[in-house]
Structures are given as C-alpha cells and as structure tokens.
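A.B. asks: So you can see what is in the structure, the chains are spelled out below.
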Amino acid sequence: MPEAATIQTPAVEGAPRLSPAAQQLQARLAATPPPHARATDAARTDALDRLSAQGLPGPRDEYWRYTDPAPFNTQAPDPIALDAASGDPTLFAGVDKLRLVFVDGRFDAAASDELSLAGVEIAPLSQADAQPDHWVGDAYGALEKQGQSPAARPFAALNTAIATDGAVIRVTGRAARPVQILYRRSDPAADVTIHHVLRLEAGADLTLLENGLVGARGNIVIEADLAPGAQLHHVAAHRAGVPRVSNIHLFGRVAEGASLKSFALSVDGRHLRTESVIELLGDDAVAHVACAMLGDGTSVHQDDTVFITHTGLRGESRQVFKKVLKNGATGVFQGKILVRPGAQKTDGYQISQALLLDENSQFLAKPELEIYADDVKCSHGSTTGALDETALFYLRSRGVPRERAVVLLVLSFLADALEEVEDEALRAEIADRLEEWLTARAKG
Amino acid sequence: MLQINNLHVALEDEDKQILKGVTLTVPAGQVHAIMGPNGSGKSTLSYVLSGRDGYEVTEGQATLEGHDLLEMEPEERAAAGLFLAFQYPVEIPGVGNMTFLRTAVNAQRKARGEDELSAGEFLKLVRERAKALDIDAEMLKRPVNVGFSGGEKKRNEILQMAMLEPRMCILDETDSGLDVDAMRLVAQGVNALRAPDRSFLVITHYQRLLDHIVPDVVHIMNDGRIVKSGGPELALEVEQNGYADILAEVADA
Chain E
4 MPEAATIQTP AVEGAPRLSP AAQQLQARLA ATPPPHARAT DAARTDALDR LSAQGLPGPR
64 DEYWRYTDPA PFNTQAPDPI ALDAASGDPT LFAGVDKLRL VFVDGRFDAA ASDELSLAGV
124 EIAPLSQADA QPDHWVGDAY GALEKQGQSP AARPFAALNT AIATDGAVIR VTGRAARPVQ
184 ILYRRSDPAA DVTIHHVLRL EAGADLTLLE NGLVGARGNI VIEADLAPGA QLHHVAAHRA
244 GVPRVSNIHL FGRVAEGASL KSFALSVDGR HLRTESVIEL LGDDAVAHVA CAMLGDGTSV
304 HQDDTVFITH TGLRGESRQV FKKVLKNGAT GVFQGKILVR PGAQKTDGYQ ISQALLLDEN
364 SQFLAKPELE IYADDVKCSH GSTTGALDET ALFYLRSRGV PRERAVVLLV LSFLADALEE
424 VEDEALRAEI ADRLEEWLTA RAKG
Chain C
214 MLQINNLHVA LEDEDKQILK GVTLTVPAGQ VHAIMGPNGS GKSTLSYVLS GRDGYEVTEG
274 QATLEGHDLL EMEPEERAAA GLFLAFQYPV EIPGVGNMTF LRTAVNAQRK ARGEDELSAG
334 EFLKLVRERA KALDIDAEML KRPVNVGFSG GEKKRNEILQ MAMLEPRMCI LDETDSGLDV
394 DAMRLVAQGV NALRAPDRSF LVITHYQRLL DHIVPDVVHI MNDGRIVKSG GPELALEVEQ
454 NGYADILAEV ADA
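Read top to bottom, the protein sequences are chains E and C.
Per our numbering, residue 4 is the first one in the first sequence, and the count goes up by one each step.
Per our numbering, residue 214 is the first one in the second sequence, and the count goes up by one each step.
What the hints contain is simulated information worked out from the structure, not anything from laboratory work.
Built from N, CA and C at the ideal position, the CB exists for glycine as well.
A portion of the hints provided could be inaccurate.
[Stated by the list, open to error] Now the in silico label distances, taken between C-beta atoms and shown as ranges:
id	chain 1	residue 1	chain 2	residue 2	range
1	C	Glu-329	E	Ala-114	36 to 44 Å
2	C	Ala-324	E	Gly-122	48 to 56 Å
3	C	Glu-329	E	Gly-97	49 to 57 Å
4	E	Asp-111	C	Leu-336	42 to 50 Å
5	C	Ala-350	E	Ala-79	56 to 64 Å
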C-alpha cells in the first residue's frame, strides 16, 4: 500500500489544479490507516493509481449532473445518534439464514453465525486478505476496474483502495439458506468503506440479503461474478428513517445462462446513490435490477444509476424503478442499456416511474439506450405522475378512509418493483414492512 | 331513505351547470330508475351523491336517512350506508381483491363503531356471497379488477355491494358492456339484495336492465332535471318511442 497519492480532479478553468475536493480526499486518505492487505495489496495499489489518474467528479461531470458528489467526500459524515436506529431491523428476522454481522464496517465473529453452509465458502475479507494466495486476490477489484469504463466511478475505486472489510463468498452449489449481511453500528459517526466479493461457480445458487445501517456514511461495493448457469438473488434494504449518506456499487458479470437479480428497498435517508453496473457476458444471461423507494422530506435525495451491457447473445435485462416522493424529496434515475455489436436477440427493458404525492417533490430521469446490434428488442419508459384521483375516489367510496386509501395506492404503485423479488415469502415480508412504514408515516 | 331537493350542481373547473334543480325521493325498500339521454346529468348525480371531487353544489340538499350527505367525505357517506356501483370500475394493480374487500368492510364497521370481522368470519362470508355471483377463488385472489372482463368487473361491483350491505345503492349504468347472460347474473345479484330497509337508484340508458330489476318508479332526466316520473311502463315507452317523444310531450306541457 503506497502513501496516499496525489488525487487530481479534471482541470476546471479558473480553478486551482488541486481542487478542494481533491485536497479533501487526500486528507481523508492520509487519515485512513492502510489495511493489512496481503492478497489484495496489488489490487488496492492499482485502484489508488487509477483514482489518482481519473480524479474525482467535477462540477460539470455529466454523470453527476443530478447528484452532488461532495457529501461522499467530506472529511467526516454528520453523526447519526445510535438511538436513532437502535436494534436490528425486523425485516428478514423471520427468515432462516446464515447471518454475517458487520459493526462499523468490521466483521463481528461473535455476533455472526458459524460460517458453515454446504456449498458455500465464506470468510470476512479482513481474514481472507491475510492469506497471500487467497483467490480473493484475483477477484478483488477486478469487476470494479472493468466497470470504470465507459463511465468513471471514482468512489468505487476509492472503496477498492481503502475498504476495511467485507464478505468474501464463494458458492459451489445450491445454498440451502440465504446469507444475510447485517450492518450494525457502535460509533454514531462511523464512516464505513466495505467491499464484498461474491463468486458463484457453475450452477451455483445463492440468495444474499443485506440490511441494517452500515454507518453514518457508507461506501459499499459488491462484486458478483457469476459462472455459467449460476443464480444470484440479492435483496437489500438499508435502514429506513435515518439521514444516512451512502454510495453503493453493485458490479456484476454474468456468464452463459446465469442470472443476477437484485432488488433494493430504499426508504428515506439523506444522500444516496446506488450504481448497478452489470455485464451480460455469456449467451442467454439474465440481469434484473429493481428498486422500490420512498422519500419523505426535502433532505432526501436518492439516485439510482444503472449501466447494463449486453455482450452475449439473447441476453435479457430488466430495470424496474419506482419512486414515491413527498414533501420535497428528490429522486434520480439514470439508466442505460448498452448493446454491443453482435449481442443479437437482446431483450432489454427499462421502466422508471415516480409517484409525486405533492408539488414540492421532483423526479429526474435520464434513460439511455445505445445499440450496436440490429436484431434486438429494447424498450424504455419513464413516467412522473400524481395519485390517480379516480382510484382514490373508488377506494373512498367503499368506505376506505383517505389515509388508508393513499397507502393502498402507493403499494399498488410499487407492486411492479416488488414483483421482482422472486421468493414469495420474502416479497410478502417486504410488502408488510412497507405497509407498516407507510401507515405509520401517514399518521405522522 | 334518500331525499334530493332542488339540487343544482356545476363543474368546479368550468362555468358549466350540469344539474339544474333535481328533486327526488326514494323511500325505503323501493327501486327507482333514472333514464335519460346522454349528457342529461345522470352520472353527475351519482357522483355528487357519493362525493366525487370536481363538482360544486350551488343550491339544494341531499340527505340519506336525514343525514346531510353533501357535508360528508366519501368514506363517511359509505359508512352511512351509501354505495355507488361504478359504470367503469377502477383497476388497482398490486392490491388483492380480497384485501380490498376486507379493508372496506372493516373500515365501515369501524366507522360505525362495530367490531371488525375476524379473518375467518370474513372469509366465510365472502366465499358464500361470491359463489352466488359465480365469482371463483381465483378472481378473489387477483388484484382489484385487473384483467377482469367487463362482466367480471360488474359482478365484482355487486359482490362489494353484497359484502358492504349498504342501505342505499346507486347503480350507474351497470348494464353497459354486459351481454345478456352477464346482465341476468348481475340482476339476480341485485334482486337478492332487495330488502324492506334497502333502496336502489338504477341509472340506465336502456329498458332491458329493468326487465330484470323491476323498478317501483321510473324517472326521466333531461338537461339536469327530472322531467317525468311514472311506473315501469314509462321505461317501455322509452324503449318503443325513444326519448324524443317524451321530451317533446314534456316541452309542450
């Protein structure tokens, strides 16, 4: 691990070469103790070099037009009182799973289940990294590096360079139980950088659950490499109701006949950006990404940025994003489908919809298709609308009070995104939690 | 049961008077029909009574068993016993028909200070009432009205009516879009609900529904007013001669 390198932003006319953002980052790097990395040392050095070369997003960066990168790079996050989100979330509590607990971004063996599950090898990154020849050395940062082009993702490179811990999971068969990554905190100001590496061998099957509150600020990277015929279901629900700041990246590579499905439930928070960067490399590969989001209040800014690349034949991709916004919340969606030359018979689908519950909220959407094959089916749609007054009247005319009718219609709006969760029991549990949250919120 | 007195209604968004003095009394246990040409104000009357936004009552009153309807929110009117079967029932994806029915039934019971039905009680009741309307378990499981045929939607409206047991039922062109068999099924459902303490206001273009749901009184509406009232024979007269004759006769009088 080299000393903190000089990080430069793209030159901006009239601005000093070393911008405040770059100085800020340098200060952060200087204050970050270098992890005792052995297996991933080369990858970390490489990431830092790349970060230095590409710099941080500037004010005119097209990719950061709707979301200010600054909160991801301040010296320290605003603390979130521990009692603001005390106890574990009830979501997934009833699921029979293998639980990995991370406290302030560090693996807590005592709080976690025994890391033994047939067909699955699990180790915390901090331990895997101590073995110079661990396979994670080759995997760590590989998909992240690939995902830097054509659009740079500097905070993911930063994550690779400095991540303190994470889950390293190799799946060789069908996992009998889901693996849960549960985040806890002991420090109100925890500024967490965590990096998970998943490798699913041919025909492997895993459900990965991710929830809790990672920290006052979280920089999370998940790299998921799927061999032919592998299946990954990822369901994430980061802690609701606290002003968390987080930048999350999911990098996926999907081989022939494999399938990666990721669903996120996002409720409130302050400054959130989730990037999903997935390549359908093999033929007949499948990738679905979906999000159901609720944002209440002017301080809520939630950005979903998706980049799906079709390389193999007959790939199928779906993006389903639904955002419910009120009291001045902002939702952002940037979704891209890139169809490479030769990726014939691609079936790409993208829908982003916002339900604005008042006139103060806003939804910013940028759907993009870039297609270099001539026999493909790609569609995208984006809508922004208010509650359907006719449906509201219909429900009320049956005696359903207005508040409750609004809750039902919001759930109705989110239904398509929830449908993306394949496991019926999980989907029902998420719907129940959503309903509880909406009902409580409607009264407040 | 229902008393409407000199009701004047305008559209909120434009300066347009739709109802120009409707006066109508439906006593308990009776079925009244309202017929009239397009644009006469029939549907507006049903919406104003049930509390839809977008209309402004400029004059007159409407009461249900003495309670001022126009002062109440739509859900309060429902709890007070009013029910509107929609001409175009609304599709609500993602909300199960059963969930919707149970929410509605229990919300009304709660508003009236009654105990909510348990899951078991509700299930038993809904199965029994659905069966009479030829509504199967699959239809109950599906999202509200999503993927339903025209006939299924109307039957679903009658099921809601059967579950909510309202005192005053308004049927807004329930026969539209129905084939003969579906209409018979719907009419059977309505007839099964006829009771001494329940009244109906049946809005329709055509006489044929009234062959199945025989009214006590038929009203002809035109240009925002009730222009003629009579027995079931009035509906037959419309069927044979159209509205023009009746309207001309009224104009002459």
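A.B. asks: Now look at each hint and say whether the structure bears it out.
C.D. replies: Hint check results:
1. Glu-329/C - Ala-114/E: 36 to 44 Å: holds (41 Å)
2. Ala-324/C - Gly-122/E: 48 to 56 Å: holds (54 Å)
3. Glu-329/C - Gly-97/E: 49 to 57 Å: violated (25 Å)
4. Asp-111/E - Leu-336/C: 42 to 50 Å: holds (45 Å)
5. Ala-350/C - Ala-79/E: 56 to 64 Å: For Ala-79/E against Ala-350/C, whose Cβ atoms are near 57 Å apart, the range 56 to 64 Å holds.
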